[in-house]
Amino acid sequence: MITEILKGLSITLDYFFKPKVTENWPAEPHKVSPRFRGRHFLARYSGGQEKCVACYLCQQVCPAKAITIESEERPDGTRYPTKYEINMIRCIFCGYCQDACPEDAIILGNTLEFPTRTRKEMIYSKEMLLALAPEGHNGKQPPQADTHCPHAYQKPQKDSQVSDNIAKQPTERKEKK
Amino acid sequence: MADIAKVRLTIDGISTEAEKGVLLVEAARRIGIKIPVFCSHSKLLPLGACRICLVEIEKAPKLVTACTTPVGEGMVVFTRSARVVKARQGIVEFLLANHPLDCPICDQGGECELQDVCFEFGRGKSRFEDIKRNFDNKYGRIKLSPVLSWVNNRCIHCERCTRVCHQVVGEDHIGMLNRGDKAMISTFQFTQMTCELCGNCAEVCPTGTITNGTVKYKDRVWNLTPNPSVCLLCSSSCATRVWTDLKGKVTRVTAPKDEQDCCDFLCAKGRFSFDADQGEQRLREGTKITSEVAETFQQSESLQPTVQAFKALAKDSGSTAVIYNSRIANEEAYLVGRIARTVLKTPHVVPLENHEGLTSYLDRFSGRQSTSKDILSADLILLVDAPLARETPMIGYFVTRAVRQKGAALYTVGPEKTRHSSMGLAHHWNAPGASKDFVLSLIEALQSRKSDASAEFNKIVDAVQGSRQMVIIAGSRPLAEGPAFIRAIESLSSKVANSKVLMVPEGGNTLGAMLMAGSGMRVPGWGSNVSQNGCSVQEDVLGAIEKGSIKNVLLIGEDLQEGLINWPRWKTAFAKLANLVVFDAFRSELTSLATLAVPVRSFHEFEGSVLSALGEWKIARGSIPGAVGQSMSRLLLKLESELGGAEQSFASVTSEVKKLYQWHVSRATEAVEDKKSADSAGKDKSTGGNPGKDGVFLLIGNDLYHSGAMTLRGAHLGQFLNRSLLMNSADAEKMKISNDARVQLKIGSDKVSVAVRTTDDIMSGCCFLALNSLSPDERRWFGGIGKPLTAVIISGGAA
Numbered sequence: 000m001i002t003e004i005l006k007g008l009s010i011t012l013d014y015f016f017k018p019k020v021t022e023n024w025p026a027e028p029h030k031v032s033p034r035f036r037g038r039h040f041l042a043r044y045s046g047g048q049e050k051c052v053a054c055y056l057c058q059q060v061c062p063a064k065a066i067t068i069e070s071e072e073r074p075d076g077t078r079y080p081t082k083y084e085i086n087m088i089r090c091i092f093c094g095y096c097q098d099a100c101p102e103d104a105i106i107l108g109n110t111l112e113f114p115t116r117t118r119k120e121m122i123y124s125k126e127m128l129l130a131l132a133p134e135g136h137n138g139k140q141p142p143q144a145d146t147h148c149p150h151a152y153q154k155p156q157k158d159s160q161v162s163d164n165i166a167k168q169p170t171e172r173k174e175k176k
Numbered sequence: 000m001a002d003i004a005k006v007r008l009t010i011d012g013i014s015t016e017a018e019k020g021v022l023l024v025e026a027a028r029r030i031g032i033k034i035p036v037f038c039s040h041s042k043l044l045p046l047g048a049c050r051i052c053l054v055e056i057e058k059a060p061k062l063v064t065a066c067t068t069p070v071g072e073g074m075v076v077f078t079r080s081a082r083v084v085k086a087r088q089g090i091v092e093f094l095l096a097n098h099p100l101d102c103p104i105c106d107q108g109g110e111c112e113l114q115d116v117c118f119e120f121g122r123g124k125s126r127f128e129d130i131k132r133n134f135d136n137k138y139g140r141i142k143l144s145p146v147l148s149w150v151n152n153r154c155i156h157c158e159r160c161t162r163v164c165h166q167v168v169g170e171d172h173i174g175m176l177n178r179g180d181k182a183m184i185s186t187f188q189f190t191q192m193t194c195e196l197c198g199n200c201a202e203v204c205p206t207g208t209i210t211n212g213t214v215k216y217k218d219r220v221w222n223l224t225p226n227p228s229v230c231l232l233c234s235s236s237c238a239t240r241v242w243t244d245l246k247g248k249v250t251r252v253t254a255p256k257d258e259q260d261c262c263d264f265l266c267a268k269g270r271f272s273f274d275a276d277q278g279e280q281r282l283r284e285g286t287k288i289t290s291e292v293a294e295t296f297q298q299s300e301s302l303q304p305t306v307q308a309f310k311a312l313a314k315d316s317g318s319t320a321v322i323y324n325s326r327i328a329n330e331e332a333y334l335v336g337r338i339a340r341t342v343l344k345t346p347h348v349v350p351l352e353n354h355e356g357l358t359s360y361l362d363r364f365s366g367r368q369s370t371s372k373d374i375l376s377a378d379l380i381l382l383v384d385a386p387l388a389r390e391t392p393m394i395g396y397f398v399t400r401a402v403r404q405k406g407a408a409l410y411t412v413g414p415e416k417t418r419h420s421s422m423g424l425a426h427h428w429n430a431p432g433a434s435k436d437f438v439l440s441l442i443e444a445l446q447s448r449k450s451d452a453s454a455e456f457n458k459i460v461d462a463v464q465g466s467r468q469m470v471i472i473a474g475s476r477p478l479a480e481g482p483a484f485i486r487a488i489e490s491l492s493s494k495v496a497n498s499k500v501l502m503v504p505e506g507g508n509t510l511g512a513m514l515m516a517g518s519g520m521r522v523p524g525w526g527s528n529v530s531q532n533g534c535s536v537q538e539d540v541l542g543a544i545e546k547g548s549i550k551n552v553l554l555i556g557e558d559l560q561e562g563l564i565n566w567p568r569w570k571t572a573f574a575k576l577a578n579l580v581v582f583d584a585f586r587s588e589l590t591s592l593a594t595l596a597v598p599v600r601s602f603h604e605f606e607g608s609v610l611s612a613l614g615e616w617k618i619a620r621g622s623i624p625g626a627v628g629q630s631m632s633r634l635l636l637k638l639e640s641e642l643g644g645a646e647q648s649f650a651s652v653t654s655e656v657k658k659l660y661q662w663h664v665s666r667a668t669e670a671v672e673d674k675k676s677a678d679s680a681g682k683d684k685s686t687g688g689n690p691g692k693d694g695v696f697l698l699i700g701n702d703l704y705h706s707g708a709m710t711l712r713g714a715h716l717g718q719f720l721n722r723s724l725l726m727n728s729a730d731a732e733k734m735k736i737s738n739d740a741r742v743q744l745k746i747g748s749d750k751v752s753v754a755v756r757t758t759d760d761i762m763s764g765c766c767f768l769a770l771n772s773l774s775p776d777e778r779r780w781f782g783g784i785g786k787p788l789t790a791v792i793i794s795g796g797a798a
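Protein sequence lines, in the order shown, are assigned to chains A and B. Note that numbering that gives the first Met the number 0 numbers the first sequence so that position 48 is 47, with each residue one more than the last. Note that numbering that gives the first Met the number 0 numbers the second sequence so that position 267 is 266, with each residue one more than the last.
Think of the hints as simulated: they come from the structure by calculation, not from any bench. Remember, it's a predicted structure, so these values are computed and weren't measured experimentally. Positions of the beta carbon are idealized from the N, C-alpha and C atoms, including for glycine. Be a bit skeptical, because a hint or two may be false.
Unchecked claim - As a list, the in silico DMTMM-like pairs of lysine to aspartate or glutamate whose alpha-carbon atoms are at most 25 Å apart: (1) B:Lys5 x B:Glu25; (2) B:Lys124 x A:Asp98; (3) B:Lys246 x A:Glu22.
Claimed, not checked - To list a few chain A residues with every Cβ distance to chain B over 12 Å, as calculated: (4) Glu3; (5) Thr11; (6) Leu12; (7) Glu22; (8) Arg34; (9) Gln58; (10) Glu69; (11) Gly76; (12) Arg78; (13) Phe92; (14) Gly94; (15) Thr110.
To be verified - Take a look, some chain B residues computed to stay more than 12 Å from chain A by CB distance: (16) Met192; (17) Lys310; (18) Ser591; (19) Thr653; (20) Val664; (21) Ala740.
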């Protein structure tokens, strides 16, 4: 019995000398993982043009129905959202919107804390979301060195890789022979 | 119908039977086997352009296209064999080789047949590495029309749109240009579209090449909910699908698909004028005037003020006139008629339309008129002064299909050459208002040929004599000639075996409303003890108000002011009234004069049944979210019970309405058996004028796709208004008027200045002016938009 107690105490003692993992939050900021899904932002192209084309896929995929979009045609014939709202109270930060986005326009950043005093402030408009895009994010297409979520993107495969993959498929080889 | 020989065949191991001549695609669909198609369409002739429907047939050396191959006895078909699957994958890959990956912004995305087929039958990956075909530099996104959006890069060359344009619409406005991978759909020389912009090319396009431009980039299909409805803008009364977005706002209107009796197509006004009732001019709140002060009330609260107003009307029994127009459902008309006779006890029930001819037509032809099937199976179609493309485009589509797909012979008669004249075999010029004379001389000529008749006339006589199944279609102008014309055409129809008659009134539910509400002299079904000396036309009512015998007026319908002929006179007359109750969907001068104005649902929001010109019974459920308030028939039912009537459910009204219709039909059939009226035709005096000698006839009417004041209310179609006077070129030369010159039309002291466009498509001695191109002030002296086309003689037209 004493051995068991000593065993247990030794574990406690072990942890006593290990480095501390408890964060002094909120005095010190919480360190998030590189793949953390935090507050969204809307990205722009290097020329400053918004990436979002208002395809409504994020709105459709959103399980919490947090996204509201209204769209129109620009004079130059391109499609753009006149309204893009995310209700951050509804949002469950699943990241499906980012997954569904064909343009890499909506991205979940790594901001964890963004409390407000009213609910109204938690509804983010398109302008707010565009302004949230981090500085380093501009000018890169597709963004490589994003300080917020560097691993968030799947690197797009090059065309040649795609065709290589197809060529390697066993059925194709059979057909060729 | 004789039994059609059936053949037995096996598809994917399932043994089935089909009539001879049925295509493989259809035979497979009936037993639940899906064969993908692009170019094939149930209402178009087979083409076999896209090859996606390839199937394997036993003992056939190659794969065959299921959409062009008819079934054969003992055929063994495989639609899912390895060979077929591989071929389909190959076709999909080729189709996608040049198809841009812009699904996220393409408005077709979500209802795109190409997307669906690629997902279901495609390979999943592309081996195509070269640069895709791109028209963007030159004409890829060329703006051919403000209401249609064109992106030629997305085209897969199935040619559905060009075939619809040729075989259904009959415009031949778009076609395939160039060859090979440079082939593209466009108008000739990329000119702006001057067709009737019906949008059927967009409707049938399996990709996003042609899409509805009015909702371009506004929303996505999966956010829209389709609501079945009926369009009340003309007497074809087509079934529609009204699509509403997440907020309940109507965003587009399309034709219903995959239904047995529907025609799969819509005209421009049905498709694009849905915005008319969303504008500022929509009456959303009611107003009542109590002791000189106008109060507004919400639609949901409209019962109380309506009950009060009707109590006031009922006190003065017999001094109330009830006026309705054709844009109301059968149930609404029935209830209005009943309330007028039982509660208000008035004999003055008056339709706004000129109805003498119509009443006579309904008495003789209810339930016997030509249906769409009759038109499609006819071998001879005779259009007597029927500008179908302008008045009832959908009936025009049936005629076009009969001519272009089934090979029917088409002859046109009248003062104007319409689109159908160009696909017809001959056009016989006939003065406006003289359609009856034409019919009578045709009857005469059938017995003994006249020597002085024109070649065209003789052609028509020959065709009528040789016809197996004839359909005679007359427009609203002959209808305005009155019962004499109906008698004449009945006598013609009785002399030609297997012939059917179709009269096409201009307004929405004209036939249904007329049958259900009746008019002063003609009481349907109930209440035979009602006095028979009521007013029956609006001129009578106007006179009675001015004399002071009518003190209250109840107006019910939609766009009512447009139907009141000589509005300034009405306006002063209305000032004399004690009560003016108006049920309208739109704000107008009339609603501002009303002591009580009640907002009602509009032409696609309404609830109830409609009787179309083709005799079809269409039902609108009124289920569109965002519609203004409750339906008028339910309001009227509540009103009736508040005023002491028995409570009745909407469903029982519907069944009563249906019974009443059956009663009318049986009455019409009996009337035919009596044969009393058959040979009285021919003694009436001609109502037609003598164009050219009495002066130049001015034909007034509405321009293409404009019903009521729709074009003046909606933004989409309003941009195509053509304000010019169409004039015969020979006349113009004689009067020394050049093309594009401005002339002044004078009637009395009124004048209007318009530009002249000379054309050979109009009879010498006539000219045509689209009423809806005029401003409201100018329109007044023509007598309102809703009036049937009439002839006005102008002397000294040029100025």
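The hints, checked one at a time:
For the proposed pair B:Lys5 and B:Glu25, the alpha carbon gap of about 14 Å is at most 25 Å, so the pair holds. A C-alpha spacing of about 20 Å is found between B:Lys124 and A:Asp98, which places the hinted pair at or below 25 Å, so the restraint holds. For the hint pairing B:Lys246 with A:Glu22, the CA-to-CA distance comes to about 46 Å; that exceeds 25 Å, so the pair is violated. In this structure A:Glu3 is separated from chain B by more than 12 Å, as the shortest Cβ-Cβ distance comes to about 60 Å.
Every CB of chain B lies more than 12 Å from the CB of A:Thr11, the least distance being 57 Å, so the non-interface label holds. Separation of A:Leu12 from chain B is adequate, the least Cβ-Cβ distance of about 59 Å exceeding the 12 Å criterion. Even its closest Cβ contact with chain B, about 41 Å, leaves A:Glu22 beyond 12 Å, as expected for a residue assigned away from the interface. For A:Arg34, the non-interface assignment is confirmed: its Cβ lies about 25 Å from the closest Cβ of chain B, beyond the 12 Å cut-off.
With a minimum CB-CB distance of about 8 Å to chain B, A:Gln58 fails to clear the 12 Å threshold, and the non-interface call is violated. Residue-level check failed: A:Glu69 sits 8 Å from the nearest beta carbon of chain B, not beyond 12 Å. For A:Gly76, the shortest C-beta to C-beta distance to chain B comes to about 6 Å, within the 12 Å cut-off, and the non-interface label is violated. Here A:Arg78 does not stay apart from chain B, with its beta-carbon only about 4 Å from theirs, under the 12 Å limit.
Remark: the non-interface label on A:Phe92 is consistent with the geometry, its nearest Cβ contact in chain B lying 23 Å away (cut-off 12 Å). For A:Gly94, the non-interface assignment is confirmed: its Cβ lies about 19 Å from the closest Cβ of chain B, beyond the 12 Å cut-off. Every C-beta of chain B lies more than 12 Å from that of A:Thr110, the closest at about 27 Å, which supports listing it as non-interface. In this structure B:Met192 is separated from chain A by more than 12 Å, as the shortest Cβ-Cβ distance comes to about 18 Å.
Non-interface call for B:Lys310 relative to chain A: holds, since the shortest CB-CB distance, roughly 47 Å, exceeds 12 Å. With a least beta-carbon separation of about 34 Å from chain A, B:Ser591 lies farther than 12 Å from that chain, consistent with its non-interface assignment. Non-interface call for B:Thr653 relative to chain A: holds, since the shortest CB-CB distance, roughly 38 Å, exceeds 12 Å. Here B:Val664 stays apart from chain A, with its beta-carbon at least about 49 Å from theirs, past the 12 Å limit.
Residue placement check: B:Ala740 keeps its beta carbon more than 12 Å from all beta carbons of chain A (closest about 37 Å).
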